[in-house]
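**Student:** Sequence:
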Amino acid sequence: IPFMQTMGGSGRFAVALLAAAILTASSPSSVIAIVNELRAKGSFTQTALGVTMVTDVVVIVIFAVSVEIADALFTSLALNYVFLILVLSELFASLVFGIILGKLLQFVLSLSAGQYIKSALILLLGYGVFALSTFVRHYSHANLPFEFLLEPLLIAMIGGFFVTNYSKHRPEFLHILAQMAPIIYIIFFTLTGASLALDILVGSLFIALILFAVRLFGIFAGSFAGGMAAGDDVAHSRLSWMAYVTQAGVGLGLAKEVAVEFPGWGDEFATLIIAVIVLSQIIGPPFFKWAIHRVGEAHTRAPRSEFDGMRDVIIFGLEGQALALGQQLRAHHWQVQIACLDAEYLPTTVDTTPTINAVPDLSLPSLRHLGLEQADAVVLMLSDDENYRVCELLYEHFGVETVVVRLQDRAYFDRFYELGALIVEPGTAIVSLLEQFVRSPTAASLLLGMDDTQSMVDIEVYDPNLEGIALRDLRLPLDTLVLSVNRDGQTIISHGYTQLKVGDKVTLVGSQQSLEDVALRFGML
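In this text, residue positions in the sequence shown follow the numbering used here: the first is 343, and each later residue adds one.
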């Protein structure tokens with residue numbers, strides 16, 4: 343390594359110590375994002391999350407101690423009990439200043455000021471932490487026989503921990519941080535990229551690859567040994583290292599801090615470490631995703647089944663509303679099936695028009711028996727717990743695109759929303775419907791099908807011959823109107839030059855016969 347050529351043994355040990363501390367860091371944000379994306383659940387995922395969270399906290403403390411030792415080695419300070427007292431004093435001082443920062447943040451959040459003022463004050467406090475650390479170091483260097491180092495990242499972490507866990511301002515604090523984060527990220531990563539020395543990076547690329555390989559081996563050895571010592575499953579222990587490869591913000595921040603603390607060689611060190619972090623960020627997420635799939639803890643959405651030419655809907659729950667809904671859907675040429683538990687099956691409903699199938703439970707085999715692979719829509723009208731159980735199975739095993747849930751307890755709203763369900767809350771639905779009648783009676787009447795001569799419907803484009811055709815060239819019946827086009831989950835306010843793609847959902851209004859003609863042209867019937 344070029345910048346270490348002139349260093350003695352103690353200097354090289356100090357650099358190695360700092361590099362080891364930084365390369366221990368992982369990326370909780372990346373791990374959480376992957377877990378959320380794959381909806382991963384299980385012991386492997388929980389262990390990965392727990393270890394990553396703890397590591398992210400511990401690594402800052404380890405780095406603070408490593409900086410102290412490195413500074414002592416470069417300044418020829420004796421490593422004795424006096425040095426140990428100094429290190430403990432610095433950590434205690436960082437703890438105290440962190441609590442003070444938490445109190446100041448709590449005071450700022452309690453002010454009756456706008457969000458922008460609070461955001462500015464929070465940023466000012468953050469800057470003040472780094473300014474204080476720099477001042478204390480320079481002052482101690484000039485007036486004391488040793489340097490007194492405060493770790494700004496440790497102070498900030500303790501301050502944030504205090505606010506989120508020991509004050510009533512946690513929601514507002516997290517909201518402000520979320521609003522400020524994009525701007526801070528842009529500035530931080532721009533500064534990181536601007537500080538990279540390409541000549542040093544090119545010359546050290548081979549060294550960075552070696553460090554990356556050594557880091558992978560160290561993570562594998564440590565995670566495997568730790569897993570076996572903790573009694574984890576051998577298969578999990580062999581794969582657990584893949585969860586800890588990813589690095590991001592914390593490692594970059596620590597590398598930049600070394601560049602500031604040790605200006606003689608810090609920039610070259612930071613460039614080398616950042617190269618390793620970039621490699622880890624590229625390789626880490628695919629490794630972790632593969633490991634989650636390998637241990638069977640991924641719960642991703644099943645692929646959507648091909649359209650079989652018939653529009654099928656299955657309604658869960660046997661009651662008056664379900665029967666009425668089934669009758670109306672049949673009138674619009676849907677194949678309707680009502681599913682109910684054995685206990686709900688009533689002999690008096692045998693002769694009703696929609697097909698009624700009783701299932702013993704809501705397990706996967708029972709749902710497969712209903713033929714959900716071919717369902718185009720599912721309506722859930724059971725209890726919230728039962729609805730959620732079915733909704734999860736639909737998401738993971740059947741890939742039904744349209745799932746409508748009748749919600750009873752709003753506490754379940756986010757859980758259903760994460761599964762892509764369309765949620766109908768009866769109370770708010772009635773209020774919204776009344777509002778729509780007041781604001782736009784005609785549109786509300788069309789929506790409810792109160793006008794016998796007009797209907798509104800979503801029609802999906804299946805015919806590949808319509809790919810790239812503009813709406814104005816479709817020659818639709820004169821009594822039909824295209825309201826919007828939904829593509830990849832995004833609604834497009836259409837105009838005559840909007841070009842269709844296979845898979846688009848087109849919302850039209852018109853007479854029933856004309857809409858059936860359009861559906862036939864789009865390849866649905």
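Read the hints as simulated data drawn from the structure, not as lab findings. Source: prediction; values computed, not measured. Note that the Cβ used here is the ideal one computed from N, Cα and C, for glycine as well. Be careful, since some hints might not be right.
Calculated pairs, PhoX-like style, for lysine-lysine (alpha carbon to alpha carbon, straight line, at most 20 Å) [as the list claims (entries may be wrong)]:
hint : residue 1 : residue 2
1    : K460      : K445
2    : K460      : K383
3    : K631      : K383
4    : K445      : K510
The calculated label-pair distances, taken between Cβ atoms and stated as ranges, are [what the hints assert, rightly or not]:
hint : residue 1 : residue 2 : range
5    : A571      : L453      : 46 to 52 Å
6    : A572      : I459      : 26 to 32 Å
7    : V424      : L547      : 40 to 46 Å
8    : P628      : L391      : 16 to 22 Å
**Student:** Work down the list of hints and note, for each, if the structure agrees.
**Tutor:** Taking the hints in turn, this is what the structure says about them:
1. K460 / K445: This hinted pair holds, its Cα atoms lying about 14 Å apart.
2. K460 / K383: violated, 37 Å
3. K631 / K383: holds, 13 Å
4. K445 / K510: holds, 12 Å
5. A571 / L453: 46 to 52 Å: holds, 50 Å
6. A572 / I459: 26 to 32 Å: Given a distance of about 48 Å, which is not inside 26 to 32 Å, the answer is violated.
7. V424 / L547: 40 to 46 Å: holds, 42 Å
8. P628 / L391: 16 to 22 Å: holds, 18 Å
In this structure, the earlier hints numbered 2 and 6 are contradicted, and the remaining ones agree with it.
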